[in-house]
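Please model the entire structure based on the sequences and the hints provided.
These protein sequence lines are chains A and B, in that order.
Numbering-wise, the first sequence is residues 1 to 114 according to my numbering.
Numbering-wise, the second sequence is residues 1001 to 1113 according to my numbering.
Treat the hints loosely; a few may be bogus.
What the hints assert, rightly or not - Here are the simulated lysine to aspartate or glutamate pairs, EDC-like style, with alpha carbons at most 16 Å apart: (1) A/101 <-> B/1056; (2) A/49 <-> B/1100; (3) A/77 <-> A/15; (4) A/101 <-> B/1057; (5) A/101 <-> B/1030; (6) A/101 <-> B/1100; (7) A/101 <-> B/1044.
In short, the hints are calculated from the structure, not lab data.
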Amino acid sequence: AQSVAQPEDQVNVAEGNPLTVKCTYSVSGNPYLFWYVQYPNRGLQFLLKYITGDNLVKGSYGFEAEFNKSQTSFHLKKPSALVSDSALYFCAVRDIKNDYKLSFGAGTTVTVRA
Amino acid sequence: DAGVIQSPRHEVTEMGQEVTLRCKPISGHDYLFWYRQTMMRGLELLIYFNNNVPIDDSGMPEDRFSAKMPNASFSTLKIQPSEPRDSAVYFCATSGRPPDTQYFGPGTRLTVL
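So this is what it looks like as structure tokens:
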């Protein structure tokens, strides 16, 4: 079975500081990994994905994520957070040996204070 | 492209009534997914289609829920009869051939009184 864990329910940072949102995954084979962001009363928006290749993936709005196979992690990062980055962030995984379902984490609420 | 379109955006109904949620996928996307989001259970996959055919409905909570995709441009999720515990935000998402990204619609917020 495939699953992801987001160990932090909430992350609070000051504007201009680095932002990290943690995600660990479990799959039987090689993973496809995704990050989504959800703003209040909106649908999920795609940020970035890891399929294969370079372990550092760059995505929308200045976000990036690093795939670490040995630690089974895929943490989302932004060097300098903005107040507008305050939202709910979801990590998701799909096992390439599985069907086409994504398994989502519980989400991490990010609050960036001015 | 207009993205995934869902209607209605908000639905308030009384227990026992039939509810129909609608989704128009992104043109050319072969896969369509219905999700439900609640505070208690997070984001749950209900059912997904490939080329209009239901592939996995193991997430559908019970027989009161049904979903159809009569053509490549339209899908419905129906709840009959609705119950208060069905109150949630229902999302439709579509993608091209995996591992393509799933793109989500804005969701339908359902309240069953």
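Tested hints:
1. A/101 <-> B/1056: Distance ~9 Å between residue 101 of chain A and residue 1056 of chain B Cα, so the pair holds.
2. A/49 <-> B/1100: 9 Å, holds
3. A/77 <-> A/15: Holds, because 14 Å separates the two Cα atoms, which is no more than 16 Å.
4. A/101 <-> B/1057: 11 Å, holds
5. A/101 <-> B/1030: OK: residue 101 of chain A and residue 1030 of chain B at ~14 Å, within 16 Å.
6. A/101 <-> B/1100: 12 Å, holds
7. A/101 <-> B/1044: Since the Cα atoms of residue 101 of chain A and residue 1044 of chain B sit roughly 11 Å apart, the hinted pair holds (cutoff 16 Å).
Every hint, counting from the list given before, is met by this structure.
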